[in-house]
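Undergrad: Here are the chains, one letter per residue:
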Amino acid sequence: MTGEFVAFFILSLLTIGGAVFMISFTRVVHMVISLGVTFISIAGLFVLLGAEFVGVAQILVYSGAISILMLFGIMLTKHDANDEGTGRTWKNRFILLFVIVLFGLLFWGVQNTPWPAPPPPADAPVDNAKEIGIEVFTKFVIPFELLSVLLLVALVGAIIMAKKEGDNE
Amino acid sequence: MNTLLQQAPSWGTTLWFIIAAVLLLAVVLGFVTYAIYFERKVIGWMQLRIGPNRVGPLGLLQTVADVAKLLLKEDVRPQHADKALFTLAPILAYAPAFAVLAVMPFSESIQFADLGIGLLYYIALSGITVLGVITAGWASNNKYSLIGGLRSAAQMISYEVPLVMSVVGIVLLTGSMNLEDIVKAQQDVWNIVPQFIGFAVFIIAAQAELNRTPFDLPEAESELVGGYHVEYSGFRFAMFMLAEYVYMFGMGALITILFLGGWLPIHPSLDFIPGIVWFILKFSLYVFLQFWIRATMPRLRVDQLMSFAWKVLLPVALFNILLTAVVVSYQNGMF
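Those protein sequence lines, which keep their order, are chains A and B.
This note's numbering numbers the first residue of the first sequence as 1 and each following residue consecutively.
This note's numbering numbers the first residue of the second sequence as 1 and each following residue consecutively.
Honestly, the hints are just simulated from the structure, not real lab data.
The C-beta atom is built at its ideal place from N, Cα and C for all residues, glycine as well.
One should not assume that every hint holds.
If you only want the chain A side, here are some residues facing chain B, beta carbon under 10 Å, derived [unchecked claim]:
(1) His30
(2) Val32
(3) Val56
(4) Gln58
(5) Ile59
(6) Leu60
(7) Val61
(8) Leu71
(9) Asp127
Dumping the calculated DMTMM-like pairs for lysine to aspartate or glutamate here, alpha-carbon to alpha-carbon at most 25 Å [said to hold, decoys possible]:
(10) B:Lys184 with A:Asp127
(11) A:Lys163 with B:Asp303
(12) A:Lys130 with B:Asp181
(13) B:Lys311 with A:Glu165
Work out the full structure, taking the sequences as your base and the hints as a guide.
TA: Quick look at the structure:
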């Protein structure tokens, strides 16, 4: 049993557990926290795969996103608001059946696919950020620039919308 | 430490990890104990008071007594508080504060993890604390703590942006996000000289990230009773305080590494003094600056706080990035 395996086991358990609790909790803030657990564990999985940069970027982006989501959750709902689940049993049974069939199909698919042999791990630790930078600015430069224009448009749009509301008051 | 990290895990290596972590924790706790003591003492002197002087010689055991009091207190939890989150919040706030210390190179040899993206790691993890603060504010089920939590979330998220932007200049100059490389690149001149604008922005934004004067609005006693931790007492309250001071430790170490040349001596002829001593000296300078500012500055008003981050600090930081980029590309012979 390698350390990698132990870490993978714990992280994947946390990822799936966070996702499951996200759905089954009834309070908004609880859901957001379990979502946070999922996101942070996914970052851990990235680190395990040797992609530290992606992992850290994941935490950087999503910890802020979760905080904002939580703020909205707090401000737009009552403190002790409970989301009451629909208690229709025949529907639930049908969904259970569907989920079991889907799981069976997926499991069968995964088991029967001839996976290509994984590439040998790099000997020296690769400088993640540098490699990503080189890829982005050579191979993917047009999508990258398009994306930055899109974000800029979104930013300007948000400012204009906020300004309009401010003028009306 | 690095060779230890790459070994196959066994009970022996795990034991070593635990010993190393506990050692660091002991150092940090020792720092926090005496940082609080010196804070009270220095501010006392600045305000022509004596400061703590009763417990132990020169009052040296005052903080120890205070912490013992906090630990022995009854663990009070409000009846309508959210039980699970009320317990989770101090952990969410403290764990990242301690985890960021893992990448700090305290000297040439004392470092826990040599991460290629050490700088980004610090910034990313410190963002998780905001989550702990909001959770604490909400779980307490108290108006004042909720307002305090929201306020500090707004403040910490806003000031994180100029904080990140101000260090981009250093990354451009060094060409690396590895903290050790950043220190080594300051062999000739410390970053505080070529990156002075970045340094000014960083130190202001860091002050806000640490929730310290003049940005200590999240715990404004006079208007909010106490901020997001009103309902906390005893051990849990101690965890929040600890998180705050451990962040001060982390931020002090980060500023030392980024701008003050880390473990490098002032002049190469002085390098017979070990690096860790230089590090501690520079680090103490920053910590003293904290106390100095606290004794000098009043608190900012809420409505001035946000516009200062977005309308002053961010443009200045962006200007610094532009200037650095132009200079670096000029040096590389781009034009």
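Undergrad: Indicate, hint by hint, whether the structure satisfies it.
TA: A quick look at each hint next to the structure:
The interface hint given for histidine 30 of chain A holds, since its Cβ lies 7 Å from the closest Cβ of chain B, which is under the 10 Å cut-off. At about 9 Å, the closest approach between the beta carbon of valine 32 of chain A and any beta carbon in chain B falls short of 10 Å, and the interface hint on this residue holds. Because the smallest distance between the Cβ of valine 56 of chain A and any Cβ of chain B comes to about 5 Å, under 10 Å, the interface hint for this residue holds. For glutamine 58 of chain A, the interface hint holds, since its Cβ comes within 10 Å of a Cβ in chain B; the closest pair sits about 8 Å apart.
With a cut of 10 Å, the hint placing isoleucine 59 of chain A at the interface with chain B holds, because the nearest CB-to-CB distance is about 4 Å. Taking 10 Å as the C-beta cut-off, the interface hint given for leucine 60 of chain A holds, the closest approach to chain B being about 4 Å. With a least beta-carbon distance of about 9 Å to chain B, the hint placing valine 61 of chain A at the interface is held under the 10 Å criterion. At about 6 Å, the closest approach between the beta carbon of leucine 71 of chain A and any beta carbon in chain B falls short of 10 Å, and the interface hint on this residue holds.
At a threshold of 10 Å, the smallest CB-CB gap from aspartate 127 of chain A to chain B is about 5 Å, leaving the interface hint in force. With a CA separation close to 17 Å, the supplied pair lysine 184 of chain B and aspartate 127 of chain A stays within the 25 Å bound. Between lysine 163 of chain A and aspartate 303 of chain B, the direct Cα distance comes to roughly 17 Å. Compliance with the 25 Å bound is thereby established for this hinted pair. Between the alpha carbons of lysine 130 of chain A and aspartate 181 of chain B the distance comes to roughly 14 Å, so the proposed pair stays at or under 25 Å and holds.
Of the pairs offered as hints, the one joining lysine 311 of chain B and glutamate 165 of chain A holds, with about 19 Å between alpha carbons and a cut-off of 25 Å not exceeded.
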